[in-house]
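Participant: Residue numbers (the working numbering), protein chains in the order written: chain G, 1 to 363; chain C, 1 to 363; chain B, 1 to 351; chain E, 1 to 351.
Keep in mind the hints are simulated off the structure, nothing from the lab.
All figures in this text were calculated on a predicted structure; none of them were measured in a lab.
Do not take every clue at face value.
[Stated by the list, open to error] When the alpha-carbon atoms are kept at most 30 Å apart in a straight line, the in silico DSSO-like pairs for lysine-lysine are as follows:
hint	chain 1	residue 1	chain 2	residue 2
1	C	Lys-39	G	Lys-244
2	E	Lys-270	E	Lys-219
3	G	Lys-244	C	Lys-64
4	B	Lys-317	B	Lys-270
5	G	Lys-90	E	Lys-155
6	B	Lys-270	E	Lys-270
7	C	Lys-64	E	Lys-217
8	G	Lys-259	G	Lys-244
9	B	Lys-317	E	Lys-270
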Amino acid sequence: MARDAKKLSAPAKSAKAATPAAKPFKALVTHSDALPLEKELLLSMHDTMVKARCLEERLIAMYKTGHGYFWIGGPGEEAFNVPLGLLIKKGQGPAFDFCHFHYRQSATLLAMGEDPVGAIRQMKNSASDPYSGGRNFAGHFSKREWNIAPVSSPIEVQYAMAPGTALVQKRHGGDGVTIVTGGDAGTAEGEFASCLVWSSRKGQELPVLILVTNNRWGISTPFEQVQGVEKISDRGVAFGMKTKTIDGNDPISAYLELKEAFEYVRTERKPYLVEARVSRLYGHSSASGANMNTVEADCIAMFEAKLEKAGLLTKPQAQAIRERYTEQLADLARLAKEEPFPDGSTIWDHVFHGEPGRDPFAG
Amino acid sequence: MARDAKKLSAPAKSAKAATPAAKPFKALVTHSDALPLEKELLLSMHDTMVKARCLEERLIAMYKTGHGYFWIGGPGEEAFNVPLGLLIKKGQGPAFDFCHFHYRQSATLLAMGEDPVGAIRQMKNSASDPYSGGRNFAGHFSKREWNIAPVSSPIEVQYAMAPGTALVQKRHGGDGVTIVTGGDAGTAEGEFASCLVWSSRKGQELPVLILVTNNRWGISTPFEQVQGVEKISDRGVAFGMKTKTIDGNDPISAYLELKEAFEYVRTERKPYLVEARVSRLYGHSSASGANMNTVEADCIAMFEAKLEKAGLLTKPQAQAIRERYTEQLADLARLAKEEPFPDGSTIWDHVFHGEPGRDPFAG
Amino acid sequence: MANIAQAVRMALHFAEENLGVTDVFGEDVGPPLGGAFTCTQGLKTSWNSPLDERGIIGMAMGIAMAGGKPVAEIQFCDYIYNTIDLLKLAGNTHWSSNGQWNLPMVVMTPVGSGIRGSIYHSHSFDASATHIPGWKIVMPSTPLDTYGLLLAACKETNPVMFLIPKALMRSRGVELIPGEPAEDKALSKMIDAPLGDRSKWAPQWPELSDPMIPIGKAKLVRAGSQLTVVSYGRTLPLCAQAAETLAAEGIDAEVIDLRTLWPYDWDAVKASIEKTGRVLFVNEDTEVTNFGEHLMRRTVEELFFKLLAPPKLLAGKFVPGIGLADPLEAASVPQQHDVEHAMRTLAVVAP
Amino acid sequence: MANIAQAVRMALHFAEENLGVTDVFGEDVGPPLGGAFTCTQGLKTSWNSPLDERGIIGMAMGIAMAGGKPVAEIQFCDYIYNTIDLLKLAGNTHWSSNGQWNLPMVVMTPVGSGIRGSIYHSHSFDASATHIPGWKIVMPSTPLDTYGLLLAACKETNPVMFLIPKALMRSRGVELIPGEPAEDKALSKMIDAPLGDRSKWAPQWPELSDPMIPIGKAKLVRAGSQLTVVSYGRTLPLCAQAAETLAAEGIDAEVIDLRTLWPYDWDAVKASIEKTGRVLFVNEDTEVTNFGEHLMRRTVEELFFKLLAPPKLLAGKFVPGIGLADPLEAASVPQQHDVEHAMRTLAVVAP
Ligand SMILES: Cc1ncc(C[n+]2csc(CCOP(=O)(O)OP(=O)(O)O)c2C)c(N)n1
Ligand SMILES: Cc1ncc(C[n+]2csc(CCOP(=O)(O)OP(=O)(O)O)c2C)c(N)n1
Ligand SMILES: [Mg+2]
Ligand SMILES: [Mg+2]
């Protein structure tokens, strides 16, 4: 079988083109041109957003040139994901934040300080992949040192686990919180409701920051076609929890809104449900072609315009940043391409913790 | 093994006694002494409520005297369940109402006109049990001629199926609706949320009357301990559906409130979520002893007081009704006790529709 | 010649027109996509569901109760495992109601490895499905069988689980579906949705008819005298190929495509084993509590004294997932050489 | 002498005090009830969960991730089937993260028939559980084994599924749990919650210790030379009883209590079959794609030429449920006379 034929859902390439244009969201928060954050923070957010975008574009290029079977990631969500990463208290154990992420979170990891080579290695499914050793798809991070739970493909299961880490954190004391992320379509799964139920028991509320990135799509299915809620955040109201819907395309707004939510959860030790409206810039995944969508808002372009207007960044400067990351990531990809796959015999490793891997029927 | 030893969860008899007294609900609707329904309806509701209570008491007596392994049913919910049954458009197929009930619905069936002997036969698990042929527990009704879907023990699964029958009804046209019932604790399961999602898609709303009987208990667990919602009906608000919480202990209020909800669902072809506050008068089931709880409000006693005050019913009349049903049901139970169990060989019947039952390995 | 995805599509079209199918639905099943594998493009009753597998199975049950005839898709069988309670309920509804209710519903879902789908797009479901009473379970390996058995599934008045080996989704058969144009390109022009805007596209369906392939009948893929190989799904073509290879070495194997896993064609399997005395069962589900073990149990209980060699199972390794990297997938589920090796080994066991 | 419910309770108490168990939770697990079978009365870390099995398993996974040590209960295994995706996820988390994360968690749930539980309080879960890689699976049949193996489960750093045969919940063993008073009544006074108001009650725990029963070791219940019977759970005492009955007829059977279903003690089973040449596997899960079929497959693949008779499985009938009426339950799952009949038949097969 040709390598290409093995690509997941290769046939669906045609589908992307048929996807109707997304209706842009109405502005949720009106931001003036004033920039209520310090210059350093603004520029560092911008820098990480670009880095994250370049990383995703590199991963897509790897897919398209046969250096990986499947791509999925978060281009278009950087304005939300970078502030999120900056606000996380990273470390291991219940004193630190726990992260139950989905597969669009590369920008968050970079904002937390992660080396992008890991994502590239996972794309290449080489043995050096630090998250799964070549076992799992791109974007499926896992980093125990930073309490990043393994991203798993089934939609929404992370929402069932989040109350568990939060319970331990609440008991432990301190200000560590649990963060859980997922998409809009996934909120139709029962676990989303479970998360609301388990986080909001009276007197036993849990410190969970429940996040939903609403890009109005579940693969090819528009949100409005399959769900009747106007604002996903409203789902939390009946549970007596704080809720809001924010503009996830503006990193300044996202930073401020997330900061407020984090502070509430850290200090009150109660849940907060935040829906962020975001774009999906390269379609769902490589199964839908992974081509740039020019209709949806690009948070980086918008942010750069704002920074330029404020005199904080010139076009050539922005261009230079992008070129630098493009190059760096191309270098990393070249490196990764040479790295070996895991050996077949390693399938037996890590079936059980604390036990050497072996075929139970090998005799 | 002694027959008694086989009873489900026999040990938990002790548990009932330990159950803390339920806090009575605050009155939800203030009803004057005025009786805004016709006398005939009032008296017929009362009659059926008493009949239903006598039926449940007979089933409990059968359990306690060893004529059945397990009892579960709806004593305490008659003021809600009888009006519900009266308002159902019964018949077979999508032109009529579909009923996805749980295990506390005997009064609804009686109000629909069902012969109580069926419940008694199911309690006795005799071959003559019209709902399951001696296969299923008491209270697990099924009657295809009236669109009554088989009651199954797993909590809340009926909420996942209800949108399906409603979809066919919506397409079929007419005013048939789907009714689904379940308890308060069960709303923590994901299918409750699924029902809200699937019923409320914009432009594709479904005619489902989504009912929750809130008795504030899930077996031994108080509602407030495990769920943070004040009113379960609020769970529907985010989905843009009509919602209300009603007093399920007053048959007049329940009738009027259900009537309004039924009319909306029948004509608008959209969902309505109604939470009814009810009592649980004999504990959860035989597993918790099935003894009368004297702390919770008894809807029949309250209704009789009201009818007496209005001069519609005297104490002796009420007493006579009760005695008549008690006797009738005792007679039916005597009859059922003599009826044979299904034969062991019948386990093969009805594995597949349209095929004779046989052991596939019988050779 | 149609591939399996096209065969599914044509069958569902035929079933909408002639067998009363009212709803073909699931995640991304409706327009514009028409399914992750294009299986539902252009169908008139197809629609997109919420992302909720439990809701999907519940909806199918409800539709079936109310007199509709649903074909529900679970996008990948990897995502069906939160619905097993509902599948069990669907399988027991007829029985529990003592014959009152029956649920004519089809659940279809792509299964298995072979497209580098990693941990969550490579699962098998045959072991789990065959442990659920009250379902008929079908798993074809050719486009014609897919087409014919899907029609049979739509005619059923019981729940049917239709497992589609995703590795074979694009593979073409040698037999024509009755009515389809013989030329691949011609069929594609008629029924494959175009690139770009599909809002004005409508398929041109060929004049199809029903080949009447019954549920419960196995297919003799290759007759042989020295050993029996029983398989289904992705591994079936590997077995057929291996039999050809071994024939050149003088080993004459009989290959049976089970096609229906429940109720399965024991008569066919039994007759073959009685003839050859040696049997290899091949599938790719994980090997502990595996349906092939059931077949082996029955073989041993009924045919022990006719066996010339211990029956053998070749199945997926008992690991928690199928890893993405090529060597991991290859080491986890039977490959061509594994099948050949198992057949050769079995052929030479001295009785 | 403790019964199984009391053994569970004492084990969990010991584990709270000595093995770091932080949470014993599930539906009605906390006060006042302390579990549908009283297994969790009086425990200091027990609490009542929402009625949401998916939430329960998710919560356990989260607690385990964050450094806690949960013991989660599913009230009846009949209600675990909507969580299989999560159980699979728990079982693959260590593997998928290439060894980074591990989930030290115990899920316990009552299984099986025998109390006239009808369709939804009679399910078995051994077949389904053994098909999920990454879990250790335990199913004791005596109070001492329950106690010892539950301690072992709480010491594990991997997910453990602890299946409790509900028919045996009230049965007493012959062996004392180290520390318990020999007198039933004395123990009951100490650790059974009283009738009536329990708000002021506190248990008086005996001074317990750990009998060190390892996961993965079978127990020889009766030594014998002519045939081997391998069972676990509710059917184990039936087998032991049958062996006594048959001994009087001159049939000398060896009875093995598997106790751990994964990883199971193949060495013990194999040694016994090598000695007797005849083996009967008995369990009560439905018989298609059944764990006993796995054991039989292994027996055949490894010991074919040592067998004097075809190995045999006695299991639950392949019907959608266990009916409430006595004759239905009796016809659906192995009873005393079925076991005896199967053993007798096997003993006389001429090689
Ligand atoms: C349980 C489950 N069902 C189906 C899928 C297949 N699938 C992968 S992503 C996706 C859509 C998710 O949409 P959404 O939740 O909005 O997240 P987004 O991808 O838009 O960020 C689907 C259906 C899955 N991974 N898991
Ligand atoms: C899925 C599932 N989980 C657990 C149970 C065991 N169980 C039976 S009834 C019950 C409590 C139900 O409480 P609620 O939903 O409030 O209904 P009520 O009995 O109070 O009317 C439980 C936990 C079950 N039957 N199904
Ligand atoms: Mg989305
Ligand atoms: Mg309740």
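Participant: Now tell me, hint by hint, if it's right for this structure.
Facilitator: Tested hints:
1. The hinted pair formed by Lys-39 of chain C and Lys-244 of chain G fails the criterion: a straight-line CA distance of about 51 Å is larger than 30 Å.
2. Using a Cα cut-off of 30 Å, the hinted pair Lys-270 of chain E and Lys-219 of chain E holds, with the two alpha carbons roughly 13 Å apart.
3. A C-alpha spacing of about 54 Å is found between Lys-244 of chain G and Lys-64 of chain C, which places the hinted pair above 30 Å, so the restraint is violated.
4. Taking the CA atoms of Lys-317 of chain B and Lys-270 of chain B, the gap is near 27 Å; set against the 30 Å cutoff, the hint holds.
5. A distance of roughly 29 Å separates the Cα atoms of Lys-90 of chain G and Lys-155 of chain E; the hinted pair therefore holds under the 30 Å criterion.
6. Using a Cα cut-off of 30 Å, the hinted pair Lys-270 of chain B and Lys-270 of chain E holds, with the two alpha carbons roughly 28 Å apart.
7. This hinted pair does not check out: Lys-64 of chain C and Lys-217 of chain E have alpha carbons roughly 43 Å apart, beyond 30 Å.
8. Restraint check for Lys-259 of chain G and Lys-244 of chain G: the C-alpha separation of about 13 Å stays at or below 30 Å, so the hint holds.
9. Distance restraint check for Lys-317 of chain B and Lys-270 of chain E: the Cα-Cα separation of roughly 21 Å lies within the 30 Å cut-off, and the hinted pair is therefore satisfied.
Figure legend: structure checked against the earlier numbered hints; hints not met, in rising order: 1, 3, 7.
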